[in-house]
Amino acid sequence: MSEITKDLLMALADGQLDAAKRQDLERRLADRPELAADLAQMQRQSDAIRALYGPVISEPLPARLDAARIAASTRQKRGRFWSNAVAAVVIAGLGIGAGWFLRDLSAGPGPADRLIASAVSAHTVYVGENRHSVEVPGDDSAHLTTWLSARLQTNLAMPDLISSGLTFLGGRLLPAPDVPGGRAAQLMYEDAAGERLTLYVTPALTVDAPTYQLATLGVDTALYWADDTLTCTITAPYAPEKLETIARSVFAQLSPRATDPAVYSP
Amino acid sequence: MAEILHEIEACVPALRRYARALTRDIDRADDLVQDCLERAIARRGLFQPRGPVRAWLFTILTNIHRNDLRNSRRRGEIVQIDSIPEPAVQPPQPGHLALAELGRALETIPLEQKEALLLVTLEGLSYQDAASILDIPVGTLMSRLGRARSALRTLTGTPAEPHLRTVK
Numbered sequence: 008m009s010e011i012t013k014d015l016l017m018a019l020a021d022g023q024l025d026a027a028k029r030q031d032l033e034r035r036l037a038d039r040p041e042l043a044a045d046l047a048q049m050q051r052q053s054d055a056i057r058a059l060y061g062p063v064i065s066e067p068l069p070a071r072l073d074a075a076r077i078a079a080s081t082r083q084k085r086g087r088f089w090s091n092a093v094a095a096v097v098i099a100g101l102g103i104g105a106g107w108f109l110r111d112l113s114a115g116p117g118p119a120d121r122l123i124a125s126a127v128s129a130h131t132v133y134v135g136e137n138r139h140s141v142e143v144p145g146d147d148s149a150h151l152t153t154w155l156s157a158r159l160q161t162n163l164a165m166p167d168l169i170s171s172g173l174t175f176l177g178g179r180l181l182p183a184p185d186v187p188g189g190r191a192a193q194l195m196y197e198d199a200a201g202e203r204l205t206l207y208v209t210p211a212l213t214v215d216a217p218t219y220q221l222a223t224l225g226v227d228t229a230l231y232w233a234d235d236t237l238t239c240t241i242t243a244p245y246a247p248e249k250l251e252t253i254a255r256s257v258f259a260q261l262s263p264r265a266t267d268p269a270v271y272s273p
Numbered sequence: 006m007a008e009i010l011h012e013i014e015a016c017v018p019a020l021r022r023y024a025r026a027l028t029r030d031i032d033r034a035d036d037l038v039q040d041c042l043e044r045a046i047a048r049r050g051l052f053q054p055r056g057p058v059r060a061w062l063f064t065i066l067t068n069i070h071r072n073d074l075r076n077s078r079r080r081g082e083i084v085q086i087d088s089i090p091e092p093a094v095q096p097p098q099p100g101h102l103a104l105a106e107l108g109r110a111l112e113t114i115p116l117e118q119k120e121a122l123l124l125v126t127l128e129g130l131s132y133q134d135a136a137s138i139l140d141i142p143v144g145t146l147m148s149r150l151g152r153a154r155s156a157l158r159t160l161t162g163t164p165a166e167p168h169l170r171t172v173k
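Which chain is which? The protein sequence lines are A and B, in order.
Per this note's numbering, the very first residue in the first sequence carries number 8; after that it's consecutive.
Per this note's numbering, the very first residue in the second sequence carries number 6; after that it's consecutive.
Note that these hints are calculated values from the structure, not bench results.
Among the clues, some could well be false.
DEER-style ranges, computed between Cβ atoms [unchecked claim]: (1) P57/B - P62/A: 23 to 29 Å; (2) T223/A - L74/B: 53 to 59 Å; (3) T145/B - Q30/A: 24 to 30 Å; (4) P184/A - E112/B: 55 to 61 Å; (5) P67/A - L74/B: 24 to 30 Å.
Yeah, the Cβ is synthetic: ideal placement off N, Cα and C, and Gly gets one too.
Turn these sequences into a full structure, and let the hints steer you where they fit.
Following this line, the structure appears as structure tokens:
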């Protein structure tokens with residue numbers, strides 16, 4: 008006859024043994040009153056715990072523990088979460104995309120690359136706004152010219168792109184830590200289909216930088232050029248050819264005295 | 006998806022019972038169950054059932070409770086023993102443990118022993134299921150159960166002697 012261990016006794020008390028083992032053990036316990044007493048003690052403990060907390064099972068459930076209700080509110084929260092998450096991923100993705108496409112245009116991320124990345128980020132953020140896409144609306148073009156020219160310390164006219172099918176919406180001032188004066192102007196235009204184009208204009212860089220770059224970032228194309236007074240990055244969801252055509256018009260209006268072989272080359 | 010929600014729903018009364026015994030506080034217990042349900046329901050789409058939904062829910066609840074305790078300990082929050090309401094108690098009958106005394110004794114044993122004891126005695130789970138909920142081997146579960154029982158025996162004034170005077 009094997010020894011009756013404490014664990015075996017406990018397993019019996021906890022109802023963990025199958026019928027055959029249970030009957031065998033109970034039979035052997037008949038001769039062992041001290042072990043039977045231990046068993047009874049453990050069973051009383053279990054009974055007492057069940058007596059204390061068992062009745063909770065039949066209490067009516069409060070509404071806040073209603074699974075269907077929780078499921079409904081979780082769906083709403085999750086909906087909000089996903090729309091925010093998608094927005095974040097789109098913005099981050101554009102930033103990463105900019106870095107990827109611009110990686111081999113010059114050695115390392117030069118000042119022009121950083122300007123283009125800033126231009127594309129600003130484009131992404133503000134073209135999505137409806138009521139607050141611009142700070143000063145385009146119907147106050149004279150004020151915009153005065154204001155932004157003063158802030159950028161350069162002579163900045165508002166290019167007219169009606170001939171390219173683009174209506175001027177207005178502009179805003181943006182921080183631009185990489186350029187002299189630390190400010191950039193964003194001008195926004197909209198075509199008949201509701202697509203938006205932005206110009207990101209800064210004073211000229213004081214360091215040597217490429218004068219012309221073109222980058223395709225997902226649906227958007229960014230075209231950058233620089234002359235000796237300013238830089239401009241045009242961003243729009245257009246094909247490069249179409250953007251270059253618009254760029255010629257913009258360039259002619261922003262820098263009427265200069266010529267840029269990169270933009271004007273056939 | 007809807008099926009899992011029904012299974013979750015069916016477990017709520019048992020989760021409440023376990024939570025009540027863990028916390029001895031009706032509001033904290035229901036907070037715990039609510040947190041558990043919110044997490045489970047939010048993740049039910051991701052849930053690949055390795056076992057029954059019930060075990061999964063008890064695991065979540067146990068973990069939330071442990072985290073809550075850890076956080077409140079870090080914050081230095083003190084739970085007043087006096088503020089914990091005593092369960093309704095009938096006068097002790099001969100041969101039965103005084104329930105209030107047992108409730109207080111349960112409060113003083115280590116949490117890991119209390120979890121093991123409640124899952125097995127109150128929830129009537131098999132050693133295997135209880136061990137998997139607590140993520141421990143069955144042997145560890147049994148040693149926790151044994152220690153919990155000895156501690157309770159000492160605390161409720163019925164020493165582990167072969168011949169117990171209270172027995173009859």
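Each hint tested on the structure:
1. P57/B - P62/A: 23 to 29 Å: Because 24 Å falls inside the window, the suggested range holds.
2. T223/A - L74/B: 53 to 59 Å: The hinted range 53 to 59 Å holds for T223/A and L74/B, with Cβ atoms some 55 Å apart.
3. T145/B - Q30/A: 24 to 30 Å: The hint (24 to 30 Å, Cβ to Cβ) holds, given that T145/B and Q30/A are roughly 29 Å apart.
4. P184/A - E112/B: 55 to 61 Å: holds (59 Å)
5. P67/A - L74/B: 24 to 30 Å: Distance hint for P67/A, L74/B holds at roughly 28 Å.
Comparing the model with each earlier hint shows no violations; every hint is respected.
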